[in-house]
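S.K.: What follows is each chain in one-letter form.
There are 2 protein chains.
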Amino acid sequence: DDIAEGKAKAQSCAACHGKEGISSIPMYPNLAGQKQMYFEMQMKAFRDGSRPNPIMANFAKPLTDEDIRQIAAYYASLKH
Amino acid sequence: DDIAEGKAKAQSCAACHGKEGISSIPMYPNLAGQKQMYFEMQMKAFRDGSRPNPIMANFAKPLTDEDIRQIAAYYASLKH
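Chains A and B supply the protein sequences, listed in that same order.
Start counting at 1 in the first sequence, then tack on 356, and there's your number in this note's numbering.
Start counting at 1 in the second sequence, then tack on 356, and there's your number in this note's numbering.
Bear in mind the hints are in silico, worked out from the structure with no lab data behind them.
Take the hints with a grain of salt, since some may be wrong.
[Stated by the list, open to error] Mimicking BS3-like on lysine-lysine, the simulated pairs with C-alpha atoms at most 25 Å apart in a straight line are:
1) K435(B) <-> K365(B)
2) K400(A) <-> K365(A)
3) K417(A) <-> K363(A)
4) K400(B) <-> K417(B)
5) K375(A) <-> K363(A)
6) K365(B) <-> K400(A)
7) K435(A) <-> K435(B)
8) K365(A) <-> K417(A)
9) K375(B) <-> K435(A)
10) K375(B) <-> K375(A)
11) K417(A) <-> K375(A)
12) K417(B) <-> K365(B)
All figures in this text were calculated on a predicted structure; none of them were measured in a lab.
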């Protein structure tokens with residue numbers, strides 16, 4: 357299901373955003389419990405550059421819409 | 357103190373981001389419990405346009421750095 361697939365795909369996000377989606381780095385946002393639609397819009401904006409962020413562009417570029425939907429579903433599902 | 361001042365200044369944010377910082381609109385992010393430094397960086401990016409968003413630019417433009425710091429402290433203080 358989306359959330360399980362999203363969790364697997366989110367392993368590379370945990371380094372900055374925390375294993376449970378609560379970041380330990382003040383510059384990086386908590387993602388746990390964030391709105392799924394907002395999350396998807398931001399990842400697509402990082403991917404196409406409309407939200408300029410060189411770090412996130414690298415992570416977002418290889419992701420498909422399905423990857424993004426699943427990762428978003430995973431983080432939205434986390435208690436915060 | 358920063359949080360009380362921030363709460364007063366965040367009244368205009370509640371319409372989209374919710375009275376307790378949990379948005380009821382899927383396109384708009386939850387703000388409750390978000391990292392203060394991340395929040396300040398994003399509001400300044402909306403203010404100077406480096407994060408392009410016509411809606412948020414309107415809200416951010418009139419804010420001083422102190423306003424932003426206080427609003428950020430308020431939302432960071434909210435349980436989420």
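S.K.: None of the hints should be skipped; say for each whether it holds.
M.R.: Now the hints, each set against the structure:
Distance check on the hinted pair: K435(B) and K365(B) sit about 18 Å apart at the alpha-carbon level, within 25 Å; holds. Proposed proximity of K400(A) and K365(A) is supported: the alpha carbons are some 16 Å apart, at most 25 Å. A hinted pair counts as satisfied when its Cα atoms are at most 25 Å apart, and K417(A) with K363(A) qualifies at roughly 18 Å. The straight-line distance between the Cα atoms of K400(B) and K417(B) is roughly 9 Å, inside the 25 Å bound, and the hint therefore holds.
At roughly 10 Å between alpha-carbon atoms, K375(A) and K363(A) fall within 25 Å of each other, so this suggested pair holds. A hinted pair counts as satisfied when its Cα atoms are at most 25 Å apart, and K365(B) with K400(A) does not qualify at roughly 31 Å. A distance of roughly 12 Å separates the Cα atoms of K435(A) and K435(B); the hinted pair therefore holds under the 25 Å criterion. Between K365(A) and K417(A) the alpha-carbon distance is near 14 Å, which keeps this suggested pair within the 25 Å criterion.
With a CA separation close to 19 Å, the supplied pair K375(B) and K435(A) stays within the 25 Å bound. Of the pairs offered as hints, the one joining K375(B) and K375(A) is violated, with about 28 Å between alpha carbons and a cut-off of 25 Å exceeded. Between K417(A) and K375(A) the CA atoms are separated by roughly 22 Å; this keeps the pair inside 25 Å, and the hint holds. Distance hint between K417(B) and K365(B) is fulfilled; the C-alpha atoms sit about 14 Å from each other, no more than 25 Å.
Of the numbered hints listed earlier, those contradicted by the structure are 6 and 10.
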